[in-house]
Each structure stands twice: as structure tokens, then as C-alpha cells.
Amino acid sequence: MPEKIEVTLTINGETRRGLAEPRLLLADFLRHELGLMGAHIGCEHGVCGACTILIDGRTARSCLHFAVALDGAVIDTVEGLAGPDELHPIQEAFHQNHALQCGYCTSGFLLTTLEFLRRNPDPDEDEIRRALTNNLCRCTGYTNIVKAVAEAAAALRAAD
Amino acid sequence: MKPAPFSFCAPGDLAGVLEALAANGEDGRILAGGQSLVPLMNLRLVRPEMLISINRCSELDYLRLEGDSLVCGALVRQARAEESDLVQEECPLLAMALPYVGGQANRNRGTICGSLAHGDPLAELSAAALVLDGEMRIAARDGQRTVAAEDFFLDGLTTALQPGEMLAAVAFQRQGGDERSAFLEMGNREHGFAVAAVATRLGMVGGRCEFARIAMLGAGPTARRIRAAEEILTDSEVDDAAIERAVTAAHDIIEAPSDLHADGEFRRHVLTTLLERALRQAMAGE
Ligand code: FES
Ligand code: FES
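These protein sequence lines are chains U and V, in that order.
Counting from 1, one number per residue, gives the positions in the first sequence under the numbering used here.
Counting from 1, one number per residue, gives the positions in the second sequence under the numbering used here.
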């Protein structure tokens, strides 16, 4: 078995180190080496979006990256969105709109929304639906997620 | 599933990458953005022994003009190209095709050269490379060579790349100001895999089409040029009659494969409809 390699990442603003076998996926490195359980693993081949995180400020599938190939990268996960007793405005909007049931897909939707609203702070419904096409939710039927994203956009605009 | 074990290296420059490729022969694979390769590794459909990351080779991260070409190095990520003014201005057809490649999260990481080197039969960028007269710049430890895009895609997931070689850059022909372009795709859902797509590029001079490039995805085992339709439009006005003749010519030569997503007859119908729309849209555009 190939040797483990030391990996250093900046995660949610903190320097974190760990050892990874080359085949260890970033999702598993976050969850099992670093104890960050926010990114979930659904399909493990890039389809569902449950494992979405940010790499260098942009969304990425953590199931489609090897931790060893990202040495030195800046990663943000859902854990970094807000302090332990607070909700980010996007989280608050999901909460208020019942935009989750089991929550398995939610961290992926939150980070996808974060990137989307940075690019497009005032989207219409069609734009929201397009932005979410690559995140799957098996519970909500999406309607409330779309509402939540619109409300989060308004809240973020008001806070600006 | 999890990938099978492999060894990993990440050389800091192209020379180191080519050395590692030469040393590993058929067992070595290049890792750029990983958006095509890693899903297959996770499903264990591909099991490289050695993964050679180019992510530390900043020398491969360039988009620049060279004479008549817009050249894109192996580390240029799709999202960056999509956002680049240079791409919008010099190769609008490429800018039109890029949004169809995967989702935002895939484009943020996936590279242009990576998608081309992977050779998926329905990869949007392969059609873009064909209509932009792409020149594939292939590097190996013992030298370089270039292959025209048309000779690069040999079959599904099979390209002209040999063991020890990598696609170091692709040069797209710069589009002149009097060109009209369109890229249209149909899939089962937006940003999913394409069922069929059409890329068109028309060089218009004084109301006549001086040259035409038409490529299709889903019309054969790889992206392919539809020369019969190109010839009909060349040296002609692009009016309703010419468009109808071009579409009929295309219809007769499409060999659309059947798969889970669409049977061949349906694909052929979709392709001819997309071609007609693409030609009209290109002519209606600026
Ligand atoms: S687990 Fe990564 S996209 Fe589904
Ligand atoms: S809330 Fe259950 S999958 Fe989305």
C-alpha cells in the first residue's frame, strides 16, 4: 500500500494537518481525519452535490478530489459559515422556509447558494433553479429550497 | 465506492511531469482537475498505478494569444476560461460551449485540456475544438508534436495520446469579427450529460458565407465535423433554402448511437432540429 503523505490545508481559516494515503478522498479526509462531518457523501461520483465544499473560494465536490493533491489549498466547509451558536443568513433562510427535512443534502445546498449569491445577488426564480440543478434533494421537492435562496438573497442584500 | 490504491506525485514543473510520465508508461495518468478521471476511479472503472498531478505546475496555467491562435495551457480551469474576456472576445464559440460543461462546481476545478484528453464522446469542448480548428499540443519527455483536433478524437475515451504523452496545451483559432457562432445542446437535464449538441461557426463576408464549420456530439462515436452541411453553406447565402439543404445533408450522414438516454432515431431528430436552430441563431446574432 502506498505510503501516507502529510497534507496541510487551511480549513475555515485554521491550518490543519493530517496524513493521507493518496487514494483518500478529500471528503473522507475532512470527515475521518479532521472530524469535520458537515460535508456528506451521497453518490461519491460527482452527481449529488452533498459533499460540496469551497476550494480557494469556489465550490467543488470533495468526493472528486484527493486530499494529497490539495496540499496548501484553502478549504471552506459548512462548519465555517457561522459561529457555533449563530446561523448564517442563508442557513437562517433555509430554517425559516423548511428548506430541509433530513438535512443530508443541506450543507451542499448552502455552499452552492453562497457562491451563487456572490455572483448573482438578485436572482430570479429561474436563475435560482438553474444554479441548483446539480444538487439533489430527495426530501423537499425543492420548492422550499428555491424560496429560501430567494429570501437569503434579499437578506444578504439588505445587510449590505 | 472508493478508488483502488495508487501512488502519487506532484512535480513542480512540466519537465518533472514528463519525466514521471515517461517512467510510468501505461500505468501513469495525469491528474489536473480530476472531474472526468476521479468519478471513473471512484467507480473503479479506471485504476492507474501512478497519478501525476500537474496542479503545482503554474507554468501550465496560461491563456494567451499567439498569432492567429488563442492558446490554453493544461492547467486552465473551465470556469476561468468562461470568465475570461480574452475567450469572450477571441473565441465566442468556446465561451458559448463552456457553460454546458458540467455544473459550476465541476467547471471551477475541471480543465479545458483535461476534458479534451479524457475524450468523452459527448464532451462539449471536443465539438468546440473541432469547429475552432483546434491544434492539440502534445508533450512527452523526448519531444513535442501537434495533432489537429480532427485527428485527435479516435473513439469514445480514446484519443491520439500515447503512453508517456500529455496534452500540454490546445490552440484554438481566433474568430474574426465577421463570424457568427452558436452552440446548442439538449440533455436530460441542464448541465447533465449531453444527449446531442451542435456547434456552428460561419465566416460571413458581404452576406455570403466564406467558410462554415459544423460539429455535432451524438452523431457518431466521437464529436465529428459535418462536412456535407459545411459545403452546402460555403460560398452561399445563409438563407432559409440553404439552411434547409444543409439540415437535410446532415440528416443523411448522422450515425447516432442508441443508449440509455436516447435511441439513435430520436438523437438524429434532435440533432437536425438543433442544427437548424443553431444556424438561425448564429445568423440572428451579432
Ligand atoms: S458525494 Fe460528491 S457529488 Fe455526490
Ligand atoms: S433534506 Fe433530505 S435530501 Fe434534502
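The hints are simulated quantities; they were obtained by calculation from the structure and are not laboratory data.
Careful, some of the hints might be misleading.
[What the hints assert, rightly or not] Cβ-Cβ distance ranges computed for the label pairs, FRET-style:
hint, chain 1, residue 1, chain 2, residue 2, range
1, V, P5, U, A159, 29 to 37 Å
2, U, R119, V, E89, 37 to 45 Å
3, V, D68, U, A82, 45 to 53 Å
[Stated by the list, open to error] Sample of chain V residues lacking proximity to chain U, with all beta carbon distances greater than 12 Å (derived):
hint, residue
4, A4
5, Y62
6, Q104
7, R189
8, T248
[Said to hold, decoys possible] Pulled a few chain V residues facing chain U out of the computed Cβ check, cut under 8 Å:
hint, residue
9, S7
10, F8
11, A10
12, L14
13, V46
14, N108
15, Q173
16, Q175
Computed from a predicted structure; not experimentally measured.
Positions of the beta carbon are idealized from the N, C-alpha and C atoms, including for glycine.
Each hint tested on the structure:
1. P5(V) with A159(U): 29 to 37 Å: Given range 29 to 37 Å: violated, Cβ gap about 48 Å.
2. R119(U) with E89(V): 37 to 45 Å: Given about 21 Å between the Cβ atoms, the range is violated.
3. D68(V) with A82(U): 45 to 53 Å: At 51 Å between Cβs, range holds.
4. A4: 7 Å, violated
5. Y62: Given a closest Cβ separation of 18 Å, the condition holds.
6. Q104: The claim is violated: Q104(V) sits with its nearest Cβ about 6 Å from chain U, within 12 Å.
7. R189: With a cut-off of 12 Å, R189(V) comes too close to chain U, as the shortest Cβ separation is near 6 Å.
8. T248: With a cut-off of 12 Å, T248(V) remains clear of chain U, as the shortest Cβ separation is near 34 Å.
9. S7: Since the shortest Cβ distance to chain U is 5 Å, the answer is holds.
10. F8: For F8(V), the interface hint holds, since the closest Cβ of chain U sits about 4 Å away, which is under 8 Å.
11. A10: Result: holds, 7 Å to nearest chain U Cβ.
12. L14: 17 Å, violated
13. V46: 12 Å, violated
14. N108: 4 Å, holds
15. Q173: Constraint on Q173(V) not satisfied, violated at 29 Å.
16. Q175: 26 Å, violated
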